[in-house]
Each structure stands twice: as structure tokens, then as C-alpha cells.
Amino acid sequence: MDVKQEYLRISLTDKCNYRCKYCLPNGNINSIENNKFLEIEEYFQLAKVFNNLIGLKKIRLTGGEPLLRKGLMSLVQMLSTLDPKPEISITTNGHYLFEKIDDLIISGIDNINISIESLDSNKFKQTTGNGDLKKVLQSLKKAKKLGFNNIKINTVITKTNFNEIPEFIHFAKKHEVSLRFIELMSFSSNSDYHKNEFIPAEDIEKKLIELFPKETDVRESGLSPAIYRKMKQSEKEIGLIAAASDPGCHKCTRLRISCDGKLFVCLYQNKGVDLKQELRNKNIENLQEIIKRTIKNKRTYNPLKTKEETWMSLSQIGG
Numbered sequence: 002m003d004v005k006q007e008y009l010r011i012s013l014t015d016k017c018n019y020r021c022k023y024c025l026p027n028g029n030i031n032s033i034e035n036n037k038f039l040e041i042e043e044y045f046q047l048a049k050v051f052n053n054l055i056g057l058k059k060i061r062l063t064g065g066e067p068l069l070r071k072g073l074m075s076l077v078q079m080l081s082t083l084d085p086k087p088e089i090s091i092t093t094n095g096h097y098l099f100e101k102i103d104d105l106i107i108s109g110i111d112n113i114n115i116s117i118e119s120l121d122s123n124k125f126k127q128t129t130g131n132g133d134l135k136k137v138l139q140s141l142k143k144a145k146k147l148g149f150n151n152i153k154i155n156t157v158i159t160k161t162n163f164n165e166i167p168e169f170i171h172f173a174k175k176h177e178v179s180l181r182f183i184e185l186m187s188f189s190s191n192s193d194y195h196k197n198e199f200i201p202a203e204d205i206e207k208k209l210i211e212l213f214p215k216e217t218d219v220r221e222s223g224l225s226p227a228i229y230r231k232m233k234q235s236e237k238e239i240g241l242i243a244a245a246s247d248p249g250c251h252k253c254t255r256l257r258i259s260c261d262g263k264l265f266v267c268l269y270q271n272k273g274v275d276l277k278q279e280l281r282n283k284n285i286e287n288l289q290e291i292i293k294r295t296i297k298n299k300r301t302y303n304p305l306k307t308k309e310e311t312w313m314s315l316s317q318i319g320g
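Numbering (the working numbering), first residue to last: 2 to 320.
Simulated from the structure, these hints should not be mistaken for laboratory data. One or more hints might be untrue.
Stated by the list, open to error - Cβ pair distances, simulated, as ranges: (1) Arg294 / Ser122: 48 to 58 Å; (2) Asn150 / Ile41: 23 to 33 Å; (3) Asn151 / His171: 36 to 46 Å.
Note that the Cβ used here is the ideal one computed from N, Cα and C, for glycine as well.
With the sequences and hints as input, model every part of the structure.
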């Protein structure tokens, strides 16, 4: 693998208070037992090993819903002490953010991504399994009021919300937040939902071209697979991630740690490499060798071409 691996995504839990249809279409998963999760200190120790070994530019905390994990603030504080310090980000559904945003900022979080699948409260409730849009929007407004401006909205585009694209753009401009539209991914756990709801990135792109001239500052992101457009009369951007049709395997910089300490080099990988045992044995040299070997063996492929499907859900591997 020639592309430098410098982006580590850490899933802190597979538990979530929402039941988004693209993530948990049946409303539940074969949840990992809490006693199999890494301890908070262990996530930090792993991040330290990765940082010393390959030099991380970004760490993103995910879930499930990461705000459900006890000790989150302590972990953010610890990660902020890494030298050199990577960017520390979190992806959340925003439900508990109102109560936790102050502590997140104090702890040293650099960026917050909030998943919002509809701006219509009824559709939002239906898509998320009884989610509360009003509460999520209150969280966003509070973050902005506190002066925290590094916020992105993540929206998975489906047939249900495709017609809301202009409304999302208006919302992002109004609240001065960046916006990322994400193509729906297919997993074995959501195959029926994907079949019924999939909108290709090409159609999303056509809609964006309608709304924004092609010549408007289009750029690629260094660590993200997104293609970004600058919003008119705004400092913020709109991104499009073709997660299924063009997943960017050839330029992927991302590594993933599951909540139970397994290393995944690809979102479509069915089986991770267990790091927990060597970590708990404090055998750092062995741990480094396992990580180096796993990264070296990372292969680039398009899952649509290989017809591979993962049995894992997004809540387990962290997206």
C-alpha cells in the first residue's frame, strides 16, 4: 500500500440511541458485550502507538453513538496530548450534544460532524427510529453560540430525502456550517433498504451542478474521499462522497479501530486484526509489527467490482 495511512477512526461503542435505516435497518444488531470493549486508556495507548509509528494527521471518534461512551471527555483530553498532535474529531447524531458540547470544547475537540438525514421532523423521526430533530438542531445552535465553528453536517442521500437537497444547502448557508452529502452504501445488513432507497452519486452531482455552476471552486479533500464545492456568499463548503460508486480505494488513508480493539483497513472488511491481546500484554514491539504488516497488506479494490459484501453494520465498524 503506497498511500500514507494517516487517518485513524476509533469506534468507542456499537450502542446507539437511534435506529437509522441505512445503519440498523432491522432496528437491532448483534451487539458486542460491554466487557469486550477496550478501556478508555487503551484507546489512547493504541492511538499513541499509531501516532509514533506512522504519524497521524487526524483521529475521528465514532460509534454507534460516541457520546454514549463513559470516559469520552477524558479520552479527548488524552488524545490532545499526543505529540505531534493530530486533529481530533467526532461524529455524532447530535441527540446528546446539547448537554455535552461545553465539555467537548473544554476537552479539546477540534471538529464535530453531526448526522442529519432530514430537515422534516416527521421524516427525521421515521428515518432515525423516533429521533428528535428539534433537539439535534438545538445542539447545533448551541455549539455555534459558544463560538465553535468547525461543524459539518453529514447527510446520507436516499430517495426519501433527495428532494431536500436545496433545503439542506439553504440550512447550511443560514447556519454557516459545511455540508456533506453521502451516497448510500450497501451492506448485507441493509441490502433491501439499499435496493429501495439508493440514489447514485451521479444524480446527486447533477443536482449540485444545477444549484452551483461547475466552475465554482471544486476541490478534493486530502484525507476525506469528498469532492468539495464552495458555497456562494459563504466561507463553508458542500462535499459529495461517492461512497459506493467511487469509494476512493486507490487514495484511501483511513484505518479503523473497532470498539473491541480490532484493526480494519477497509470499511468492507469482514474480519479485523485483533490488537487487544498484544496491547494488554504490553508487547509494544509485537503490536507495532502487527500494525505495520496489516497496513502493508492493505489492498485497494472497489467492492462493487469484486461483489464483496460485509456482514457487519456501520454501527459496529464506525463508518
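Each hint, compared with the structure:
In this structure the supplied range 48 to 58 Å holds for Arg294 paired with Ser122, their Cβ-Cβ distance being about 49 Å. Range check, Asn150 to Ile41: Cβ separation about 28 Å, and the 23 to 33 Å hint holds. Taking 36 to 46 Å as the suggested C-beta distance range, the pair Asn151 and His171 does not conform, at roughly 21 Å.
Consistency with the previously given hints fails for number 3 only.
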